[in-house]
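Asker: Spelled out from the first residue to the last, the chains are:
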Amino acid sequence: MEWENTKENCVPVRAGRSKAALQELADPAAEALEAKRKELWAQVAEYQGDDPLEAWQKYIKWMQEYGVGGGKADLQKVLETCTKELQRLPRYNNDIRFLRIWIQYADCLPDPGDVFLYLREKDIGRDFALYYEAYATFFELRANFQSADAVYMDGVQRGAKPLERLKQKHTAFQQRMAHRIKRRIQDEQELGPTPVEPVRASLASIGGRPGG
Amino acid sequence: KALAASLSVHDSSRILAFKQKAPAAPEGYENSLKSLYNQNLAPTVKKTFRHVPTTQERILDAPELMDDYYLNLLDWSGQNLIAVALGRSVYLWNAASGGVEELCTVPNEGDYISALKWGSDGNFLAVGTSDAKVQIWDANRRKQVRELCGHTNRVSALSWNGAVLSSGSRDSTIANWDVRKRRDEACVARLTVHEQEVCGLEWSLCGQQLASGGNDNVLAIHDASFRLCHKVQAHSAAVKALAWCPYQSNLLATGGGTADRHIRFWNTHTCAMLSAIDTGSQVCALQWNPHARELLSSHGYSKNQLCLWKYPSLEKVAELTGHTGRVLHMATGPDGCGVVTAGADETLRFWRPFGEPPSAKDGDSKLGGGAM
Amino acid sequence: MSMQCQTQLQRSTITLKGSAQIVSQYFEYAVQSILYQRGVYPSEDFKQKKEYGIMLWVSSDDSLNKYLTTVLSQTKAWLESGKLRQLVLVITDANTSEVMERWTFDVETNQEAVAGGKVPEKAESEIKGEIAGILRQICASVSFLPLLDTRCSIDILVYTDNVDEVPAEWEDSDARNIKNAEVVSLRAFSTKVHNVKTMVAYKAEEVL
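Residue numbers (the numbering used here), protein chains in the order written: chain A, 1 to 212; chain B, 213 to 584; chain C, 585 to 792.
Just so you know, these hints were derived from the structure itself, not from any lab.
What you are looking at is a predicted structure, and each value in this text was computed from that prediction instead of being measured.
Any given hint could turn out to be false.
[Unchecked claim] The calculated lysine to aspartate or glutamate pairs, modelled on DMTMM-like cross-linking and capped at a C-alpha distance of 20 Å, are:
1. LYS61/A to GLU789/C
2. LYS233/B to GLU705/C
3. LYS36/A to GLU239/B
4. LYS650/C to GLU755/C
5. LYS233/B to GLU789/C
6. LYS246/B to ASP629/C
7. LYS77/A to GLU558/B
8. LYS182/A to GLU242/B
9. LYS443/B to GLU531/B
10. LYS634/C to ASP490/B
11. LYS633/C to ASP279/B
12. LYS712/C to GLU407/B
13. LYS161/A to ASP677/C
14. LYS167/A to GLU242/B
15. LYS233/B to ASP677/C
16. LYS182/A to GLU239/B
[Unchecked claim] Anything over 10 Å on all C-beta distances counts as not near chain A; from chain C, calculated:
17. ILE606
18. ASP629
19. GLY637
20. LYS660
21. SER665
22. ASN679
23. ARG720
24. GLN721
25. ALA724
26. PHE728
27. ASP739
28. THR744
29. ASP748
30. TRP754
31. LYS787
32. GLU789
[Stated by the list, open to error] Just some of the chain B residues that point at chain C, by a computed CB distance under 7 Å:
33. ASN243
34. SER247
35. LYS393
36. ASN429
37. THR470
Beta carbons: idealized from backbone N, C-alpha and C, even for Gly.
All chains, please: the whole structure from these sequences, using the hints.
Answerer: In structure tokens:
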């Protein structure tokens with residue numbers, strides 16, 4: 001069946017979805033999907049080697065691409081379990097793959113402020129631009145521009161990788177700030193008489209004139 | 213040259229580009245689609261309107277509820293029974309007593325219930341199945357009274373207009389059945405305006421017009437004699453959510469899927485679009501407040517929330533969160549205050565977003581009749 | 585739209601010139617739809633316009649539209665002479681020039697038509713219906729394409745055959761392919777003179 005027929009059942013995935021996943025989702029065989037999910041989960045659960053993150057990563061990527069209709073365990077819970085499990089392994093603190101999973105987890109939460117604080121406290125992902133970019137975005141959307149700027153500066157100062165991208169993101173942020181300020185000034189100019197109005201209104205009310 | 217030939221590239225081919233390039237996106241621009249991927253990105257509401265209880269009153273588990281945008285698996289009857297389809301079975305939940313009963317189950321492994329809808333008196337429940345059947349069940353006697361065959365793919369949407377039942381299917385057609393007629397004469401009209409699955413179907417409250425929406429992004433309006441009045445493609449995604457305004461007979465609200473994210477308002481006589489709002493996420497279902505000028509919408513990725521909008525100003529009154537999966541279905545109770553939602557997180561949740569109805573002194577029955 | 589009757593299929597032969605007009609118009613709306621749906625430019629800069637019976641989003645940015653008009657009018661000339669093989673919309677990272685996404689419109693020209701011979705008839709309404717179907721798929725591509733999480737720019741590449749004299753404003757370019765790309769084909773449409781296939785190639789790896 002054509003993928004377009006089930007377009008509304010494919011959650012947008014930040015990293016995109018492979019053609020294979022797209023075709024599978026167009027005509028999902030629930031049992032086959034569940035079997036695949038179990039297989040990948042078994043790889044996580046029974047992992048014996050020295051890089052358990054790899055198995056987790058595979059499982060999470062699969063969940064994102066094939067999540068709908070395949071298996072019930074929801075992504076947020078999986079991300080939560082993974083971060084909880086692996087944070088006891090200090091060697092992942094400086095692993096971009098681990099940080100990515102943390103950020104994906106933060107993306108699932110309505111208010112991930114604590115996650116960023118926790119990561120900072122534990123020094124997880126300290127050297128990566130991704131941490132600062134995500135944290136600053138979080139602040140910017142809450143109109144906490146000062147904190148956003150501080151986070152970018154902190155990241156640049158630490159030389160977070162890739163530094164070029166982080167600097168570009170910071171510049172872009174500053175440009176948005178400049179636009180915001182410009183727009184506010186413009187708004188104030190367009191509504192020129194506004195500072196005068198309240199004064200007149202209050203005088204009028206003192207004088208007992210019915211307010212307009 | 214030999215290499216070019218072996219790669220079957222004509223030596224006369226060239227790749228050309230215009231020297232002067234297109235402008236890049238403005239400095240500082242961030243892709244606004246980002247909010248489709250992050251739960252915490254969209255701005256929240258400032259509460260400046262009336263108080264709306266934003267937490268659910270009650271949660272029921274709904275295991276096996278299918279996470280499929282195109283189906284319609286929840287309805288609340290005038291007799292206070294909530295019908296919900298979980299996988300192969302339909303359950304009736306008595307909202308007054310809390311009792312639950314299984315009404316029916318499709319026999320074959322792999323099949324499932326794909327749509328359901330109460331008749332206006334709450335005695336009969338229409339049920340659509342993945343094996344293309346439409347069944348009518350007597351809810352009091354718990355017995356199937358009719359089976360209507362004619363579709364060739366799953367039945368995803370149902371709507372009643374008196375004794376006429378309309379059914380929309382993945383076979384892209386809408387069949388209209390007069391349930392008083394004999395089995396072989398029951399199908400009184402077949403509408404073929406859609407090219408893909410019909411997932412939204414709603415008769416207007418006075419029964420004058422039938423609105424249908426499909427995965428082909430088409431919204432169609434038919435009259436009571438099944439003539440096509442309007443066909444529009446203003447949404448750029450599937451149209452599933454349809455809601456007729458309870459106090460203005462020709463006002464219809466429609467919601468679009470992931471690529472569209474808009475709620476649009478129509479005058480269905482002229483098919484003029486009256487207004488539209490970008491909600492920022494997939495619109496799954498719409499319900500008008502039966503006693504105030506407000507519309508409730510339920511959403512998918514990324515926030516899985518309900519939004520209450522003022523009409524016609526389209527200001528957001530409240531945002532109701534709780535579901536951890538997309539909110540696929542909604543139904544309003546017979547009192548016009550309670551709303552039940554079904555989410556991909558396999559729960560049913562009960563909310564009271566519409567406030568209490570105004571005192572019945574002016575007896576505005578028209579405003580009270582939007583329960584079905 | 586008021587009461588819509590079944591449009592009568594008025595079949596007629598489409599000339600090479602007429603076909604080039606249809607195809608280049610398709611390019612225009614396809615490119616505009618992609619730019620809107622992919623969030624390449626701010627959505628505030630787009631307005632809705634009805635074409636092919638559907639509402640489409642088109643840019644109101646003058647310099648972008650000037651670029652598109654210029655490029656597409658030359659493209660149309662190459663279509664008319666049967667020299668156009670492919671049009672490619674390249675979406676790049678504005679800072680690094682890295683190619684993020686590559687939309688390909690493959691054109692097959694009926695050589696009979698170029699030679700002035702007769703081509704089979706086809707109703708224009710049928711062609712428009714096919715085009716509307718592809719534009720609908722472009723909207724639906726959000727179900728598999730990655731988020732373009734960076735400021736982007738675009739370029740249009742034109743694959744030609746037997747073009748002897750390149751206009752002064754044009755230059756040769758490399759193909760700007762994406763390494764290890766995922767490729768998804770959308771539907772095709774045909775005017776009987778031109779057969780146009782649309783596909784998109786994208787990176788399926790994480791950026792950071």
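Asker: Name the hints, by number, that the structure is in violation of.
Answerer: 2, 3, 5, 9, 11, 22, 23, 24, 25, 26, 31, 32, 34 and 35
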